[in-house]
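Undergrad: What follows is the residue order along each chain.
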Amino acid sequence: MNRSSGPVVWIAIIASTCLLLFLFKKILWLVVPFMLALIIYYFLQPATHRLVLHGLSRKAAAAITGGGFIALLLLCAALLFPWVSSHAVGWQVSLARYVEGGSLLLQKTMKGLEAQFSFLERASLSRNVSEQIATFTETFAQHYLADLVVTLAAWLPSLLLAPFLAFFFLRDGRRFTKFIGNAVPNAFFERTLYLMHEMDKTARAYFQGLISLTILDTIALAIGLWIIGLSGALMLGLVCAVLAWIPYVGSILGCLLVVLVAATDFPLDPWMAYGAIIVFILVRLLDDFVFMPLTIGRSLRMHPLLTVLMIFVGGAVAGVPGLMLVLPLLGIAMVVGETVGMIVTDPRLQARHAYARSLRARQAAADLQS
Amino acid sequence: MFLFSKAEDSSRLKQLRALSLFSTLNPRELKTVDGLLHERSFLQDEVIFDQGEEGQALYIIESGKVLICRQGQSALGKIAELGAGRLFGELALLDNSPRVAQARAVEGCTLAVLFRADFLGLLETHAVIASKISLQLARHIGQRLRETVNAPGSQSE
Chain P
58 MNRSSGPVVW IAIIASTCLL LFLFKKILWL VVPFMLALII YYFLQPATHR LVLHGLSRKA
118 AAAITGGGFI ALLLLCAALL FPWVSSHAVG WQVSLARYVE GGSLLLQKTM KGLEAQFSFL
178 ERASLSRNVS EQIATFTETF AQHYLADLVV TLAAWLPSLL LAPFLAFFFL RDGRRFTKFI
238 GNAVPNAFFE RTLYLMHEMD KTARAYFQGL ISLTILDTIA LAIGLWIIGL SGALMLGLVC
298 AVLAWIPYVG SILGCLLVVL VAATDFPLDP WMAYGAIIVF ILVRLLDDFV FMPLTIGRSL
358 RMHPLLTVLM IFVGGAVAGV PGLMLVLPLL GIAMVVGETV GMIVTDPRLQ ARHAYARSLR
418 ARQAAADLQS
Chain V
823 MFLFSKAEDS SRLKQLRALS LFSTLNPREL KTVDGLLHER SFLQDEVIFD QGEEGQALYI
883 IESGKVLICR QGQSALGKIA ELGAGRLFGE LALLDNSPRV AQARAVEGCT LAVLFRADFL
943 GLLETHAVIA SKISLQLARH IGQRLRETVN APGSQSE
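One line per chain: the protein sequences are P and V, in this order. The first sequence begins at 58 in this note's numbering and counts up one residue at a time. The second sequence begins at 823 in this note's numbering and counts up one residue at a time.
Everything labelled a hint here was simulated from the structure, so no lab data went into it. Check before you lean on any hint, since a few could be wrong.
As the list claims (entries may be wrong) - When the alpha-carbon atoms are kept at most 30 angstroms apart in a straight line, the in silico DSBU-like pairs for lysine-lysine are as follows:
| hint | chain 1 | residue 1 | chain 2 | residue 2 |
| --- | --- | --- | --- | --- |
| 1 | V | LYS853 | P | LYS258 |
| 2 | V | LYS853 | P | LYS116 |
| 3 | P | LYS235 | V | LYS887 |
| 4 | V | LYS836 | P | LYS116 |
| 5 | P | LYS235 | V | LYS853 |
| 6 | P | LYS258 | V | LYS954 |
Turn these sequences into a full structure, and let the hints steer you where they fit.
TA: Take a look at the structure:
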């Protein structure tokens, strides 16, 4: 379909994206599992599709892939729980060790800077930063740990919803399309079908692109970290790639994580930490200029300037969830806005709809007039 | 069995099988196609689609009559009047070209609608069903061509 939206449509698209972000922030407990369910749905869709190709009904294919995924999650949880319980104390020690390693690296870097620039030495930069880090780490458990545990416990039931939602998306997705189609007047019916098809295409391209991007990022970062000799390169790569789902903030957190591990594994070699930062930056550049255009970039057909601006707007309106949600929401708002814009501004479709309404009104009043 | 349950030969499936496009499908295949079809009701004189509009779907008449005509010329520009079981708008299934004529309901009618994206999806997921429908569609287009060639005043032969 020919797409040429005017400024009014674009203002409406951006405004509705912001409004949705604002509303979604209020119902995050529902939006987050819904988004996760969409990711799982598009992750499982190719497998379901393949089963349908082999002659299974859609319901059976959805039951196998969705049920299999839920069973796999339950199995992982059952296997991981005793392992997590037995290693929890060890992790606490490791965490403290990594924080200490990071703090040592920071101190060394600060001291190096103080040796170069005397005004930093006069400001006691190294001592101040060390004191602040020490205070933060000492009071972390006291101030934040309880809140963190309570928040996790509160989120758990709604997060558990995600695989079940994904199963129903896989099973009843078509019924939903029919249901929406039935509610639309005849004049707009074909355009609405097209709109729903385009929305599904956009969302599928985005989420399947996101999964591909995560795999590519994980592999690239794992290879880079493995080459410089860091331990747990694959796990670190995966965690950083998942964190990168949150624009900017996720990348910074991922970089900090890599630096902490490098500084702790090689406390006497600060160049290892710097090497890890260089690898991280190189992978981010590769991500921005090669992987992203190959995966997600193609799905949303957005101007890079608009993408960056909307990420800032998303962060300002809804914080970290806003950063994550803004691009898929904008993509869907674009498709809806452009199509609704085409319908609303098409005088012929409006005239046909008005005529059909008058026909229905006449039919309804036929026996009243005689 | 749940996984491969035998399709019920319900009245809906019988109704679908009576349509030329689906006459070669077995009950299970009909059930799959039924999941993709949308049903629309149009009142007498209501426009179904306009000439020049981008076509997204094929229409099959379940009941009632439909007039295919030049845009806005119901009487003079009449091309065909189709009854139950016939289909129209089939070119939309094959390409993105604009509709070549207008379709209007001659009387109150019920239409089954097959959306192009669903048909293309069917080609990937259920190649046998899609090939059966395609063959029927090709026969239908061939029939139309033959009718056009044999029409009085045609210079093709």
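Undergrad: Of the hints given before, which are not true for this structure?
TA: No numbers; nothing is violated.
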